[in-house]
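> Starting from the known structure of chain A, fit chains B, C and D onto it as the hints suggest.
Protein chains in written order, with the working numbering: chain A, 1 to 301; chain B, 1 to 301; chain C, 1 to 301; chain D, 1 to 301.
Rather than coming from a laboratory, the hints here were simulated on the basis of the structure. Treat each hint with caution, since some may be false.
Identical copies look the same in the list; a pair holds intra-copy or inter-copy alike.
[To be verified] Listed below are the simulated SDA-like cross-link pairs for lysine to any residue, each with C-alpha atoms no more than 20 Å apart in a straight line: (1) K69 to S184; (2) K230 to D44; (3) K249 to A270; (4) K206 to T74; (5) K249 to H217; (6) K207 to S7; (7) K123 to T281; (8) K207 to F252; (9) K206 to S75; (10) K230 to A43; (11) K230 to S7; (12) K207 to A2.
Protein chains: 4
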Amino acid sequence: MAIVLGSNRYGKAENRVVRIYRDTDRHEIRDINVSSALRGEFADAYLVGDQSKILPTDTQKQTAYSFSKERGLTSIETYALELGAHFVDTVEYVQSARIEVEEFEWQRVLVDGTEHDHTWVRKGQETRIAAVTVTGSGADRTNAVIGGFKDLVILKSTGSEFTGFLEDGYTLLEPTTDRVMATSLIAKWRFTSTDVEWESTYLGIKKIIIETFATLHSLALQQTLYEMGKAVLEAYDFIAEIRFSAPNKHHFLYNLAPFGVENNNEVFNADDRPYGLIEATVIRDEVPPAPEAWDSYTGLV
Amino acid sequence: MAIVLGSNRYGKAENRVVRIYRDTDRHEIRDINVSSALRGEFADAYLVGDQSKILPTDTQKQTAYSFSKERGLTSIETYALELGAHFVDTVEYVQSARIEVEEFEWQRVLVDGTEHDHTWVRKGQETRIAAVTVTGSGADRTNAVIGGFKDLVILKSTGSEFTGFLEDGYTLLEPTTDRVMATSLIAKWRFTSTDVEWESTYLGIKKIIIETFATLHSLALQQTLYEMGKAVLEAYDFIAEIRFSAPNKHHFLYNLAPFGVENNNEVFNADDRPYGLIEATVIRDEVPPAPEAWDSYTGLV
Amino acid sequence: MAIVLGSNRYGKAENRVVRIYRDTDRHEIRDINVSSALRGEFADAYLVGDQSKILPTDTQKQTAYSFSKERGLTSIETYALELGAHFVDTVEYVQSARIEVEEFEWQRVLVDGTEHDHTWVRKGQETRIAAVTVTGSGADRTNAVIGGFKDLVILKSTGSEFTGFLEDGYTLLEPTTDRVMATSLIAKWRFTSTDVEWESTYLGIKKIIIETFATLHSLALQQTLYEMGKAVLEAYDFIAEIRFSAPNKHHFLYNLAPFGVENNNEVFNADDRPYGLIEATVIRDEVPPAPEAWDSYTGLV
Amino acid sequence: MAIVLGSNRYGKAENRVVRIYRDTDRHEIRDINVSSALRGEFADAYLVGDQSKILPTDTQKQTAYSFSKERGLTSIETYALELGAHFVDTVEYVQSARIEVEEFEWQRVLVDGTEHDHTWVRKGQETRIAAVTVTGSGADRTNAVIGGFKDLVILKSTGSEFTGFLEDGYTLLEPTTDRVMATSLIAKWRFTSTDVEWESTYLGIKKIIIETFATLHSLALQQTLYEMGKAVLEAYDFIAEIRFSAPNKHHFLYNLAPFGVENNNEVFNADDRPYGLIEATVIRDEVPPAPEAWDSYTGLV
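Just chain A, with the same shape it has in the complex:
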């Protein structure tokens, strides 16, 4: 069998673009980490080192910064769609472009109880993400859009159990009807439309996920994930599927009995490793798959 070039792409990863809107005294800030990757007729660069069809990664960087002013940066999904379309539409040899964005949220500081016009602290909670793959031109154009977040660290101190599991010769775990359940949640959802109010949708999905985590009496992290996903899909008909990756951040009950001290689910060791890791997809039956949507470039999104 011949040896050939297979799947390939290239681009510039992790451009740290900060965009300030200052048209009035009340400034606005958007703070992103954006990466672009191109697929296309690039075989000659690999096979013989011919760069004549290669738009440099430095050029992709310049474009990412300039677009934050030229086109604006108000929703990361819109920004990513415009940047992706630019590469496909203006660079002859590009067949598809993937744009991945992390967004870091800032919160206005209070001065005497009033929000300040131009000072913020970094919010520090979940990182919002978007990944857009723009492919083809004209009638063949497709836009695969992923929204989501990562690193939402959430914990409930009761309302979670784990019992009735399968046992084999390596099973030492004791069942529990009351435990701490905590995770650092990654959630990614796929849109079937680009005619979306991106900001309110993001907040709405996050609200559903958090409220379900809080209020569902959990028999397992698996069940919690499924119910969160189902609730999101019921609420937003333009979401085709949602994927979760949830490390079970173990909080082990600390044994204080040797010291004569009661520990009624009050003192825990927050362990680092190993951790349970649960993955789940909740999806509409018969929705056409979109594998390119999920083909992460940087591993960050």
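Same frame as chain A, now just chains B, C and D:
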């Protein structure tokens, strides 16, 4: 000159204690990373490997967990003072104990606009810290107490300049009268009392620091640090000194001129390295120094 | 369209198993980070919280540690194949098991020029990886095996150029015929056999990759990746494909002209972000694909 | 008591200078992370925002890069001494300069068994460090020089015990006469001369430390640290003191008894946190202290 054993200490670092209060349906959570280090008559362990005066680091760990229940964990300064006193008072060979604490804040989630009783997300902003050094017994007892925070990421998009600086043959920097100023601030303050309302004091100091950062028109990060420190010392007479370490997280104006795009302080590159790093102490004149207060054990606090 | 459970798996991630062989005075050490994930008839855990078909992640952990003694740990590919087969063969509801391994290499210290029997320093260079997916039973059994490494930081100070590239209105980059080329390479290769001398094959592939990087005059990182992959596939007929992910760790020539100092490719700034990121697959034509082989669970492998 | 400005300094941290020597076909590489901090007559910058005595941190950066060519970069101690002296000698308001350096070692790759002229892999073991504080002018000039390393990860699989320790009511630990001992060692030594062969001295000290760790039958990590330090001071009379910080990276024997599997110090869990942390200084009696030598600026060195 003879070769001798000099300064030494040992302990258990980074115990991840999570304490849930669940006496009512409305739970409370405290989440800390606590380290302990002991000084004392330990030369024989170093010189000849004799452990008979060495309380194992594992024992220190057990005590840290148990004290979060036995004594409670409501203010990290109080918890650290009690844990430190325990080692000095109960272990014959211990002359002083240092307890370092990082605290991770959690925020109740909202369900239909109401705070939930037992679910939180990690707040994710600054990490609160405390470092306590308890030395000696009886009338000779001293308690050196540091409070503070690290990693408060704060940014202002105007109201900061940098001009009129010294120039030499390696100076290329252009002065600017309007720039983004951002830092990831570390602030540590030394108490001269242990009769303090720790929680309200922490919030009060943080409020002063943030408000000063926001409202002072800054001629340099140095000036901002000094004014923040001065305002804290003016407000709290039981604070003897405050130390800042402030990386100048450079946001470089991105050059869009080659593309015919105006950039009126609107698009920046948030650079990683190198960074300016400014240190300042603001202190009461003639206050006796307390070098042991600042002698960090883990480097975390 | 109905809302249904899609793809899912669960397991225990990042078990830090250290295995010492001490049958003679000359000990051996293997140091791994192993994760397991199971797919199977687990829908009830997600849909209704029924755990009766769920082997706990804690049990998976116990098995990972015990197998390092029961079966031994000499090659990570063999260990992963045995651990994966165990879950599929002994747990009724498991249809496939994925085992991901990172291995940290240790190097014997020298004492008076002689290798010590039981003391090592961590080698600290690339992390070797393996990922095995064992699916089905009996005649339907398939074993997808990936070997590889990550974080091989390699640099050449000449013998690399980048010229003749495509330009558009955002292109500022100047061509260069002599630059530093550096990357932190990830390489993963897929085996079509399990009858492999894993240790010598690993060393042989790494040798080819390093030697190609060193000796090929590079017209682009793309070309270097392709030539490395081609050389590996030419040498090992049981390798079906190899995938590279290569961040272009930019070393920018530092401008010393303002100081009257020549810089003939002698002084560079090693920049952090952004970075070029090049992906390439080199593959045998007509080899059947094995998507499950590449379906990373932890993101570490 | 009046509120005043106390100790302060400022500079540029983490300049990533890479220096290639290419005078012959066999290139050489030095790869450092260098930081500079200045003390002096800078009160006006803090008190009133007057920058007229402030040499910008950007200027310090330019100088650090340029000096790697102008003065060369062969030993980090020499480079740091020259850079520090430059700031003190040429900038009127500077009273002292501290230069901190991390050095990342590279190893030539082999091609057909021969070292390549211009290709290296990053060595990845300990990071060498230096910290120099240059103070005053003319006859008052002092040079405090620290050399050392951090993150030397070293492990012995036998020849270590821990018994006979003090017990109290929180003591659960069992004594052991055979355990794994591992640490990620930080060692810093203070020179009393600048007339030193820096490269051979570094290698010699590292050799002594490693050989002592390997060959000493250890009754405690404390004892191992002391013996390492004593051996270094006996070998180098221009070393005044050496300081160690040694996390006890616990390798806990894994309990395989429930599975009927023997574990004769063969299978361990490499735990992350908490960890024992041992600090020791070995010093020549009556050597004058040099507190400025140890006053870390970046926390990296």
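> Each hint: holds or not?
Consistency of the hints with the structure:
1. K69 to S184: neither (33 Å within a copy, 26 Å between copies)
2. K230 to D44: between (46 Å within a copy, 15 Å between copies)
3. K249 to A270: both (7 Å within a copy, 18 Å between copies)
4. K206 to T74: within (19 Å within a copy, 30 Å between copies)
5. K249 to H217: The answer is within: 18 Å in one copy meets 20 Å, while 39 Å across copies does not.
6. K207 to S7: neither (38 Å within a copy, 24 Å between copies)
7. K123 to T281: neither (28 Å within a copy, 27 Å between copies)
8. K207 to F252: neither (28 Å within a copy, 35 Å between copies)
9. K206 to S75: Intra 16 Å, inter 32 Å, cutoff 20 Å: intra-copy only.
10. K230 to A43: between (43 Å within a copy, 14 Å between copies)
11. K230 to S7: Between. Shortest inter-copy distance 14 Å satisfies the 20 Å Cα cut-off; intra-copy 34 Å does not.
12. K207 to A2: neither (53 Å within a copy, 23 Å between copies)
Of the hints listed earlier, those the structure fails to meet are numbers 1, 6, 7, 8, 12, in rising order.
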